[in-house]
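Participant: Here are the chains, one letter per residue:
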Amino acid sequence: KAGVTQTPRYLIKTRGQQVTLSCSPISGHRSVSWYQQTPGQGLQFLFEYFSETQRNKGNFPGRFSGRQFSNSRSEMNVSTLELGDSALYLCASSLGADLRYEQYFGPGTRLTVT
Amino acid sequence: AQSVTQLDSQVPVFEEAPVELRCNYSSSVSVYLFWYVQYPNQGLQLLLKYLSGSTLVKGINGFEAEFNKSQTSFHLRKPSVHISDTAEYFCACGSARQLTFGSGTQLTVLP
Numbered sequence: 001k002a003g004v005t006q007t008p009r010y011l012i013k014t015r016g017q018q019v020t021l022s023c024s025p026i027s028g029h030r031s032v033s034w035y036q037q038t039p040g041q042g043l044q045f046l047f048e049y050f051s052e053t054q055r056n057k058g059n060f061p062g063r064f065s066g067r068q069f070s071n072s073r074s075e076m077n078v079s080t081l082e083l084g085d086s087a088l089y090l091c092a093s094s095l096g097a098d099l100r101y102e103q104y105f106g107p108g109t110r111l112t113v114t
Numbered sequence: 001a002q003s004v005t006q007l008d009s010q011v012p013v014f015e016e017a018p019v020e021l022r023c024n025y026s027s028s029v030s031v032y033l034f035w036y037v038q039y040p041n042q043g044l045q046l047l048l049k050y051l052s053g054s055t056l057v058k059g060i061n062g063f064e065a066e067f068n069k070s071q072t073s074f075h076l077r078k079p080s081v082h083i084s085d086t087a088e089y090f091c092a093c094g095s096a097r098q099l100t101f102g103s104g105t106q107l108t109v110l111p
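Going line by line, the protein sequences match chains A and B.
With the working numbering, you'll find the first sequence wraps up at 114, consecutive numbering, no jumps.
With the working numbering, you'll find the second sequence wraps up at 111, consecutive numbering, no jumps.
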């Protein structure tokens with residue numbers, strides 16, 4: 001069974017631009033969560049989607065948004081990029097939204113903002 | 001609010017020696033506890049989790065962890081490490097739909 005895939009794997013953007021990252025969950029999984037990983041702040045929860053609805057949101061500014069499609073694929077968007085947005089963005093999928101269901105992580109998208 | 005503290009940022013250990021990676025958590029409600037491993041340029045992989053029941057949890061690759069409610073700890077142990085265990089290890093807790101992670105411990109296994 002294919003794992004969680006994230007595209008693109010690497011991305012370089014300029015400050016002020018916007019970016020869209022994509023996450024395809026494991027087949028049958030309906031929950032997708034997004035995390036930001038930086039050397040300074042570590043792993044931080046961005047948001048979680050289940051059945052196309054955002055169910056939970058972390059403490060990030062409104063520039064960070066996301067959505068989930070009917071096939072459970074998810075995208076996250078960051079507008080007006082700042083240097084501090086440079087990070088590894090990880091998505092994770094699970095069968096259900098409860099943490100008792102194992103979360104499977106993708107390899108991440110490494111975003112560099114210059 | 002929840003928080004996770006991993007007490008050691010780096011742990012060097014010789015091959016075939018035992019290792020313990022320490023994790024303490026803080027939460028006002030009951031939480032689930034997890035250990036993940038991250039190899040370079042890869043995502044996170046679940047090692048083990050505590051949801052309820054027995055406080056000693058066994059995971060993959062010979063790792064185990066013990067939940068101690070009174071000390072709010074969830075330390076990860078392995079009796080004999082291999083070179084291939086070199087990676088970053090993250091402790092996490094959660095009570096609802098999101099995980100709160102510790103800052104990570106880099107385990108380096110030396111030959």
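Derived from the structure by calculation, the hints contain no laboratory data.
Hints may contain errors.
As the list claims (entries may be wrong) - Short, incomplete list of chain A residues facing chain B, as computed with Cβ under 10 Å:
(1) V4
(2) P8
(3) R9
(4) G28
(5) H29
(6) R30
(7) S31
(8) Y35
(9) F47
(10) E48
(11) F60
(12) D98
(13) E102
(14) G108
(15) T112
Said to hold, decoys possible - Stretch by stretch, here's where chain B covers chain A in the computed footprint (C-beta under 8 Å, at least three residues):
(16) 19-25
(17) 37-46
Note that this is a predicted model, so its numbers are computed, not measured.
Every residue, glycine too, gets a C-beta built ideally from N, C-alpha and C.
Participant: Are E48(A) and chain B close enough, Cβ to Cβ, to be under 10 Å, as the hint says?
Facilitator: holds (5 Å)
Participant: Taking the least C-beta to C-beta distance, is V4(A) closer than 10 Å to chain B?
Facilitator: holds (7 Å)
Participant: So, P8(A) near chain B? Judge it on the closest CB pair being under 10 Å.
Facilitator: violated (14 Å)
Participant: Taking a Cβ-Cβ distance under 8 Å as contact, does the segment 37-46 of chain A have three or more residues in contact with chain B?
Facilitator: This one holds; 4 residues, not fewer than the three required, reach chain B with a Cβ under 8 Å.
Participant: A closest beta-carbon separation below 10 Å is what the hint needs, so does T112(A) meet it against chain B?
Facilitator: violated (14 Å)
Participant: Taking the closest Cβ pair, is H29(A) under 10 Å from chain B?
Facilitator: Violated - the Cβ of H29(A) stays beyond 10 Å from chain B, reaching only about 14 Å at its closest.
Participant: Let's test the interface hint: is any C-beta of chain B closer than 10 Å to that of D98(A)?
Facilitator: The hint holds - D98(A) has a Cβ within 10 Å of chain B, the shortest such distance being about 7 Å.
Participant: Close enough to count: is the Cβ of F60(A) nearer than 10 Å to one in chain B?
Facilitator: Violated - the Cβ of F60(A) stays beyond 10 Å from chain B, reaching only about 12 Å at its closest.
Participant: Go through the hint on F47(A) and say holds or violated, using the shortest Cβ distance to chain B against 10 Å.
Facilitator: holds (9 Å)
Participant: Holds or violated: G28(A) as interface residue toward chain B, Cβ cutoff 10 Å?
Facilitator: Not OK, violated: G28(A) not within 10 Å of chain B, min 18 Å.
Participant: For the restraint on R30(A), tell me whether the closest CB of chain B is nearer than 10 Å.
Facilitator: Interface hint status for R30(A): violated (13 Å vs cutoff 10 Å).
Participant: Does the nearest C-beta of chain B fall within a distance shorter than 10 Å of the C-beta of S31(A)?
Facilitator: holds (8 Å)
In this structure, the hints that do not hold are numbers 2, 4, 5, 6, 11, 15 and 16, in rising order.
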